[in-house]
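Asker: What follows is each chain in one-letter form.
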Amino acid sequence: MATVLIYAEHKDGKIKKATHELLAEAARSGAEPVAFIAGQGVEGLAKDLGAMGAKRVIVAAGDAVKFYSNEAYGKLFVDAVKSVNPAIILMSSSAQGKDLAPRVAAMLGVGLASDCTKVKIEGDKLKCSRPIYAGKALADVEFTGPAPQFATVRANALSIGPVQDGASPAVTSLPLDTGALKTAVKDVVRGASAKLDVTEANIVVSGGRAMKNSENFALLEKLSAIQHLAGMRTSKVIVAINKDPEAPIFQLADYGIVGDLFEVVPLLTEEFKKVLGEH
Amino acid sequence: MNIFVLIKQVPATETKIKINATATGIDTTGIKWIMSPYDEFAVEEALRVKEKNAGSTVTVVSAGPQRVAETIRTALAMGCDNAIWVETPEEIDSFQAAKALAGVLKKETKPDLVFTGKQAIDDDCAQVSQLVATFSEMPYVTVALSAEYGAGTVTVKREVEGGTTEIISMPTPCLIAAQKGMNEPRFASLPNIMKAKKKEIKQYKMADVGVTDGDRKIKLVNLQLPPAKQAGKKISGDAATQAKELVRALHEEAKIV
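Quick note, the sequences are listed as chains W and A, same order.
Just so you know, we're using this note's numbering here: the first sequence kicks off at 1 and counts up by one.
Just so you know, we're using this note's numbering here: the second sequence kicks off at 280 and counts up by one.
No wet-lab data here; the hints were simulated from the structure.
Certain hints may be false.
[Unchecked claim] With a Cα cut of at most 27 Å, we get these calculated DSS-like pairs of lysine-lysine:
{"id": "1", "chain 1": "W", "residue 1": "K120", "chain 2": "W", "residue 2": "K55"}
{"id": "2", "chain 1": "A", "residue 1": "K311", "chain 2": "A", "residue 2": "K534"}
{"id": "3", "chain 1": "A", "residue 1": "K329", "chain 2": "A", "residue 2": "K498"}
{"id": "4", "chain 1": "A", "residue 1": "K297", "chain 2": "A", "residue 2": "K498"}
{"id": "5", "chain 1": "W", "residue 1": "K14", "chain 2": "A", "residue 2": "K523"}
{"id": "6", "chain 1": "A", "residue 1": "K477", "chain 2": "A", "residue 2": "K389"}
{"id": "7", "chain 1": "A", "residue 1": "K295", "chain 2": "A", "residue 2": "K389"}
{"id": "8", "chain 1": "A", "residue 1": "K498", "chain 2": "A", "residue 2": "K513"}
{"id": "9", "chain 1": "A", "residue 1": "K389", "chain 2": "W", "residue 2": "K118"}
{"id": "10", "chain 1": "W", "residue 1": "K118", "chain 2": "A", "residue 2": "K295"}
{"id": "11", "chain 1": "W", "residue 1": "K136", "chain 2": "A", "residue 2": "K512"}
{"id": "12", "chain 1": "A", "residue 1": "K385", "chain 2": "W", "residue 2": "K182"}
{"id": "13", "chain 1": "W", "residue 1": "K186", "chain 2": "A", "residue 2": "K331"}
{"id": "14", "chain 1": "A", "residue 1": "K311", "chain 2": "W", "residue 2": "K273"}
{"id": "15", "chain 1": "W", "residue 1": "K236", "chain 2": "A", "residue 2": "K523"}
{"id": "16", "chain 1": "A", "residue 1": "K534", "chain 2": "W", "residue 2": "K182"}
{"id": "17", "chain 1": "W", "residue 1": "K236", "chain 2": "W", "residue 2": "K274"}
[Stated by the list, open to error] Over the 10 Å line for every Cβ pair with chain W, so calculated as not near, a few chain A residues:
{"id": "18", "residue": "K389"}
{"id": "19", "residue": "V407"}
{"id": "20", "residue": "T444"}
{"id": "21", "residue": "E445"}
{"id": "22", "residue": "P470"}
{"id": "23", "residue": "M473"}
{"id": "24", "residue": "G489"}
{"id": "25", "residue": "K513"}
[Said to hold, decoys possible] Partial chain W-side listing against chain A, Cβ under 10 Å, derived:
{"id": "26", "residue": "E71"}
{"id": "27", "residue": "V84"}
{"id": "28", "residue": "Q96"}
{"id": "29", "residue": "G135"}
{"id": "30", "residue": "V205"}
{"id": "31", "residue": "I241"}
{"id": "32", "residue": "V264"}
Ideal Cβ positions, reconstructed from N, Cα and C, are used throughout, including at glycine.
Please model the entire structure based on the sequences and the hints provided.
Answerer: So this is what it looks like as structure tokens:
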């Protein structure tokens, strides 16, 4: 059975949905999912990873890894790779995954398929596709180097699986042997508006130039994502509101409203309130 | 300070992408080539550090086929002092490109600072910065919003998701991968464009910088244009009707609210 090593991410004491998606895909494929998790006080999250499908969890916990750094986390993750000897490695295409995965690939001397929107594990092989040219084309990735096969996967590209409460994965503690570190994380400044992480959100409202100015974003009362067309490939349902009936976004949208957002959005807000009030 | 900036030539943002006959790349006929936009921030940052530190030099390095010389000259016209080109075939992967660029850094006078763009906008791999730094045993920060340069150290503000930023300090030599908005890249002046045409570009072959065909770790195959999505449902009527119908559809058909 192929072993799939998954780099688990957590925020505010919870495993991220994107990590759950990776574990679910590994479990669905019949491989042995193994999770790696690092951070301060993360020991208790091992059982959550088990519930999401991990058969084994490698924990690197302690004050020395309170903050993410590519240097420390990279060294520890490579230690985990060496102890597990996986056929496949998966990370989320998150801020951490994007920063860290190429470093790990360089340390292991293996290829990396980054930012994949389609991933399937077949035995000990990884079948993946990724958007290129900002999503204007798609390509399959062929690994020509040595194993493990390694990919970062965009959030929402895979579906999550069932949660099995009470699962008890085998937990191994990894020694925090990071060696001498050059980089120091001085501070992590959380967004002042306590915004939800866009990759974790169930519903994203994004606005483009039609919003005219930044104050008008208050109208959306939700998150805005910049490169919105490029980022929509893994969205499940897209709604577009645009005055221009020929706007390219209508090609991508499941529901389109030709109209003035300044008129339609407040009405929508009211309608949503009605529907959500029913629950 | 000895500063390097690593750039990539890419098709212009508005290029209409056509797939080549073997579906392993794009049809490059008639394409207008530009410096990858994130690299412009890297070049600008390198030039600003140089201007604040008398006696510094900025060397621009790029790997690619013959045509990249044109983009190297754009960087020279912006104000870079020296230029290096590593000649490669049309299709190489991130691993080979990074090994070539790290190979150049190793051959040249030891850098203090290396700048890159956070990703190139063609293959969107966002790997080369981290690979080069790791191969060169240099610390790095990606998605840099701003940087302060001290004596032998750099403190960088890095963007992560959810509006969060990380403040990271590292000693030189180090690598900084620029995010959009790190600065306002300058335009080259006409006299500088003329001067840049006469500057020498130092050339290396892949073998000179230790890269082999065996260093290729991935291939992109079976390129295709994204499947045309079935036309969505246009909701008609006045604004109030549209709003009502959309919320009904999202609730009852799509079941997402």
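Asker: Each of the hints needs a verdict: does it hold here or not?
Answerer: Going through the hints against the structure:
1. K120(W) x K55(W): holds, 19 Å
2. K311(A) x K534(A): violated, 44 Å
3. K329(A) x K498(A): Cα-Cα ~38 Å, so violated.
4. K297(A) x K498(A): Holds: K297(A) and K498(A) sit about 18 Å apart, inside 27 Å.
5. K14(W) x K523(A): violated, 36 Å
6. K477(A) x K389(A): The hint holds at about 26 Å.
7. K295(A) x K389(A): violated, 41 Å
8. K498(A) x K513(A): Measuring from Cα to Cα gives roughly 40 Å; hence the hint is violated.
9. K389(A) x K118(W): violated, 41 Å
10. K118(W) x K295(A): Measuring from Cα to Cα gives roughly 23 Å; hence the hint holds.
11. K136(W) x K512(A): holds, 23 Å
12. K385(A) x K182(W): holds, 20 Å
13. K186(W) x K331(A): holds, 25 Å
14. K311(A) x K273(W): Cα-Cα ~49 Å, so violated.
15. K236(W) x K523(A): OK: K236(W) and K523(A) at ~21 Å, within 27 Å.
16. K534(A) x K182(W): violated, 50 Å
17. K236(W) x K274(W): Given pair K236(W), K274(W) holds - Cα atoms ~23 Å apart, limit 27 Å.
18. K389: holds, 16 Å
19. V407: Given a closest Cβ separation of 8 Å, the condition is violated.
20. T444: The claim is violated: T444(A) sits with its nearest Cβ about 5 Å from chain W, within 10 Å.
21. E445: The claim is violated: E445(A) sits with its nearest Cβ about 5 Å from chain W, within 10 Å.
22. P470: It holds; P470(A) is separated from chain W by about 35 Å at its closest Cβ, greater than 10 Å.
23. M473: holds, 33 Å
24. G489: Non-interface label stands for G489(A): nearest chain W Cβ at 14 Å, farther than 10 Å.
25. K513: violated, 5 Å
26. E71: holds, 6 Å
27. V84: This hint is violated: V84(W) lies away from chain A, its Cβ roughly 20 Å from the closest one there, beyond 10 Å.
28. Q96: holds, 8 Å
29. G135: Holds. Min distance 7 Å.
30. V205: V205(W) check fails; min Cβ-Cβ to chain A is 12 Å, beyond 10 Å.
31. I241: Holds: closest Cβ of chain A sits about 9 Å from I241(W), inside 10 Å.
32. V264: Holds, because the Cβ-Cβ distance from V264(W) to chain A comes to roughly 5 Å (cut-off 10 Å).
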